[in-house]
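Okay, here's what each chain looks like letter by letter:
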Amino acid sequence: MSGKFKEFHDELRSVASDLLAKDAAVDWPLLAEAGWTGLEAPENLGGAGAGFGEVAVVLQEMGRAATRSAYIGGTVLSVGTLIALQPSATRDALLSDVATGAVRTAVALSRDGQDVDPSAPFRIESSSAGLRITGRSEFVPDADGADRLLLLANAADVPVVVVATAQASGLSVTPQPVVDETRRLSVVVADGVMVDESVWRFDGDPGTRVRRLLDRAAVAVACDSVGLAEAMLSATVSYAAVRHQFGRPIGSFQAVKHACADMLVRISVARQLVSAAVEAIADDRTDAATAASMAKSYATAAAVDVVGKAMQLHGGIGYTWESGIHVYLKRAALNRSLFGSPAAHRKQLAQRYSQGT
Amino acid sequence: MTPTADLDEFRATVRAWCDEHVPSDWRRAQTDVDDEQFVDFQKWWFQELRAAGFAVPHWPREWGGGMSVAEQIILYRELAAHDAPRLVLAFVGIHHAASTLLAAGTQEQLQRHLPAILGGEIWVQGFSEPEAGSDLASLRTSARRDGDSYVINGQKLWASGGMHADWCLLLARTDPDAAKRKGISYFLLDMSTAGVDVRPIRNAIGESHFCEIFLNDVKIPAANLVGAENAGWQVAQATLGAERGLTMLELAERLGHAGFRWLVEACRRGRLIEDAVVQDKLAQFDIEITGLRGLCRDLVERSEAGTAGAADASVVKLFYSELLQRLTDFGAEIGGLAAHTQLTKPISSGWESGSWVLDFIGSWEWTIPGGSSEIQRTIIGERGLGLPREPSAVG
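Just so you know, the protein sequences line up as chains A and B, in that order.
Just so we're aligned, residue 12 is where the first sequence starts under this note's numbering, counting upward by one.
Just so we're aligned, residue 2 is where the second sequence starts under this note's numbering, counting upward by one.
Keep in mind that the hints were calculated from the coordinates and are not lab data.
Among these hints, one or two may not hold up.
As the list claims (entries may be wrong) - Using C-beta positions, here's what the derived DEER-type ranges look like: (1) Ala277/B with Arg296/A: 26 to 36 angstroms; (2) Ile202/B with Ala32/A: 55 to 65 angstroms; (3) Ala32/A with Glu375/B: 31 to 41 angstroms; (4) Ala17/B with Asp21/A: 20 to 30 angstroms; (5) Arg363/A with Gln343/B: 49 to 59 angstroms; (6) His255/A with Asp176/B: 34 to 44 angstroms.
Unchecked claim - Restricting the straight-line Cα-Cα distance to at most 25 angstroms, the calculated cross-link-like pairs of lysine to aspartate or glutamate (DMTMM-like) are: (7) Lys358/A with Glu334/B; (8) Lys358/A with Asp299/B; (9) Lys358/A with Asp126/A; (10) Lys17/A with Glu72/B; (11) Lys358/A with Glu323/B; (12) Lys17/A with Asp128/A; (13) Lys358/A with Glu275/B; (14) Lys220/B with Asp149/B; (15) Lys17/A with Glu305/B; (16) Lys183/B with Glu383/B; (17) Lys341/A with Asp316/A; (18) Lys17/A with Asp299/B; (19) Lys220/B with Asp198/B; (20) Lys17/A with Asp295/A; (21) Lys17/A with Glu302/B; (22) Lys358/A with Glu305/B; (23) Lys220/B with Asp191/B; (24) Lys181/B with Glu208/B; (25) Lys44/B with Glu213/B; (26) Lys358/A with Asp218/B; (27) Lys183/B with Asp136/B; (28) Lys33/A with Glu333/A; (29) Lys358/A with Glu266/B; (30) Lys33/A with Asp295/A; (31) Lys358/A with Glu192/A; (32) Lys183/B with Glu132/B; (33) Lys181/B with Glu122/B.
Using N, Cα and C, we set each Cβ at its ideal position, and we do this for glycine too.
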């Protein structure tokens, strides 16, 4: 990373960290006000013209603070989807509204929220009344409360995006409560919803575009996991320095110290893999899928181990509701499953070995 | 920073050189060889690299190096990709000896030794002792001033390559009354001096490259003291982490190229590659090696920029050691009984040679020496994370 970018990232990180420390939940208007909804959108459409690298900084800070917000669904996936579509007046208008925060959208990308194979959850069929869209997508982030939904659908086997208003007849968004209370996931069902606007096509090869969106979703979650793992290591180190037993700070015992060292090693490796994947997504590189699977697999699994160890090293207090460590453990566990388990991503990677590298 | 186009050109140059100069059959030719053949081969390969300007890329330009960090990364990557032999014998000389002298040596010491190292002078590290392993600062070998010389008495252990060495980097106690880290001095010892006795120790895989060095009234001229008297601990510490980045980068690149490739090939034999559990393990190693390569590159770049953290090198060493152990363990497991019939491995290869059982047993040479994994965890906890020290720790 060049010096200029690093400086910008450091500043963004520090601003984000201050803002997110104030409250566990960050409402949509505040996200827009902070300028985070428009980071990736082009400047002529009301965005900041920055890249996924900057979005990744915000995601990591949100993980660190275990922030409840609609950022992943409303911004990271929505803007990612819209900029992958062919430009048009209506596309530009919606991208601009999403960037400024005037409109909140969510993206229904996969059937079950964890499939690593791109397969559109919806299909478009023609009827006597016109085109209709049907299908079901589970565990859609931030769909509840969105103004419009971007539905990934097959139109004669070509993936396209259909934009539906939340109130459209035949469309339902039903919250799916999960153990992790910091994320809002929903089932989106379309039952013959009339496609009143034109179908939006991907810019470039649709298969590659969809693949990249899934990669982006996986890496976004991996960024979050790095942030929350870092937060828990830091909390554990602070606690181990002040908590005394047997007349010494517990951090002076090798059993505790060495466990903390292992946490740092895992986080250090995760950071490398995640920053490589963020770069690959930002530059839209052909190896982005590989880098994304590596980052998602390693970082989200590492975060569960690190937070689990944090709970262990905090002792009894760590297991209480009040300590809040459970919030991180639940979020880390959800991150591990969302957009493809570590095992599913490793399976993707392993295809390369049997085919000959 | 070197422009990208220049780096591309440099990469092409290194590739062309490797295609022409890396011997294709060295693994077979260097299996089951005697000591003399091993030393000859190592010295020959070192001079090949030297002639190309690739032997000491990390040294300052005036001493024959001067490559940018970006170029060094490319060089090590290409050498690994072409499965070039490792510089086993020259290792201590080009890394530890050179970085110590460059940091703390006199002009005379630099003039005497750096050109000689390029000419093939072999070095050994004389740090550990029977009673000073993990607790290195408790070393007992004594150095008593006697006119223009010091007289050394004691015993060094685990001196890798000691029987081939011309010179030794020696830590000895000059002040027995000072706190243990404050009474140590750093010396350059000519191994041909009277009273130096080297005895190889056979290691767990049957090789004898570790040595004991017995020092009996050995005289070292005072001019061979590096840094001030009693400042040897600081001299040693200053250079321990500094060179770790590049040496680890080379090993990580080797693990990422030949090491992983052999593992995949081993899995393809016997059709294990179609097994989901095997695929999962391979992918996990692939991911961890990729992470390791990133860590090493990052460490090299930050060491160069002066922004490396106090425990960054320990993070890399610990992760590499344990990854190597798990990976060779898996190699030994999937290699089955056939892997147990490979009774030798080529010297000059990396720590993963494809003789998996020997590689696995040999991996403890990473988790124990150079600061064991337990010591690394303590360093990471205390210097990296700022956790409180052991109450009983002294010095």
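Hints and how they fare:
1. Ala277/B with Arg296/A: 26 to 36 angstroms: Cβ of Ala277/B to Cβ of Arg296/A: about 28 angstroms, so the range 26 to 36 angstroms holds.
2. Ile202/B with Ala32/A: 55 to 65 angstroms: holds (56 angstroms)
3. Ala32/A with Glu375/B: 31 to 41 angstroms: Distance hint for Ala32/A, Glu375/B holds at roughly 36 angstroms.
4. Ala17/B with Asp21/A: 20 to 30 angstroms: Given range 20 to 30 angstroms: violated, Cβ gap about 41 angstroms.
5. Arg363/A with Gln343/B: 49 to 59 angstroms: violated (27 angstroms)
6. His255/A with Asp176/B: 34 to 44 angstroms: Roughly 37 angstroms apart at Cβ, these two residues keep to the hinted range, so it holds.
7. Lys358/A with Glu334/B: Holds - the C-alpha atoms of Glu334/B and Lys358/A are around 21 angstroms apart, at most 25 angstroms.
8. Lys358/A with Asp299/B: Given that 25 angstroms is the threshold and the Cα spacing comes to 28 angstroms, the pair is violated.
9. Lys358/A with Asp126/A: Given pair Lys358/A, Asp126/A holds - Cα atoms ~12 angstroms apart, limit 25 angstroms.
10. Lys17/A with Glu72/B: holds (23 angstroms)
11. Lys358/A with Glu323/B: Given that 25 angstroms is the threshold and the Cα spacing comes to 23 angstroms, the pair holds.
12. Lys17/A with Asp128/A: At roughly 34 angstroms apart (the allowed maximum being 25 angstroms), Asp128/A and Lys17/A break the hint.
13. Lys358/A with Glu275/B: holds (11 angstroms)
14. Lys220/B with Asp149/B: holds (10 angstroms)
15. Lys17/A with Glu305/B: holds (17 angstroms)
16. Lys183/B with Glu383/B: The hint holds at about 21 angstroms.
17. Lys341/A with Asp316/A: holds (12 angstroms)
18. Lys17/A with Asp299/B: Answer holds: Lys17/A to Asp299/B is near 14 angstroms, not above 25 angstroms.
19. Lys220/B with Asp198/B: Within the cut-off at roughly 13 angstroms; holds.
20. Lys17/A with Asp295/A: holds (20 angstroms)
21. Lys17/A with Glu302/B: Judged against 25 angstroms, a Cα distance of about 15 angstroms means the pair holds.
22. Lys358/A with Glu305/B: At roughly 38 angstroms apart (the allowed maximum being 25 angstroms), Glu305/B and Lys358/A break the hint.
23. Lys220/B with Asp191/B: holds (9 angstroms)
24. Lys181/B with Glu208/B: Measuring from Cα to Cα gives roughly 34 angstroms; hence the hint is violated.
25. Lys44/B with Glu213/B: Since the Cα atoms of Lys44/B and Glu213/B sit roughly 23 angstroms apart, the hinted pair holds (cutoff 25 angstroms).
26. Lys358/A with Asp218/B: violated (63 angstroms)
27. Lys183/B with Asp136/B: It holds: about 14 angstroms lies between the C-alpha atoms, which stays within 25 angstroms.
28. Lys33/A with Glu333/A: Between Lys33/A and Glu333/A the Cα gap is close to 18 angstroms, so the pair holds against 25 angstroms.
29. Lys358/A with Glu266/B: Measuring from Cα to Cα gives roughly 18 angstroms; hence the hint holds.
30. Lys33/A with Asp295/A: Judged against 25 angstroms, a Cα distance of about 34 angstroms means the pair is violated.
31. Lys358/A with Glu192/A: With Cα atoms ~30 angstroms apart, Lys358/A and Glu192/A exceed 25 angstroms; violated.
32. Lys183/B with Glu132/B: OK: Lys183/B and Glu132/B at ~18 angstroms, within 25 angstroms.
33. Lys181/B with Glu122/B: violated (32 angstroms)
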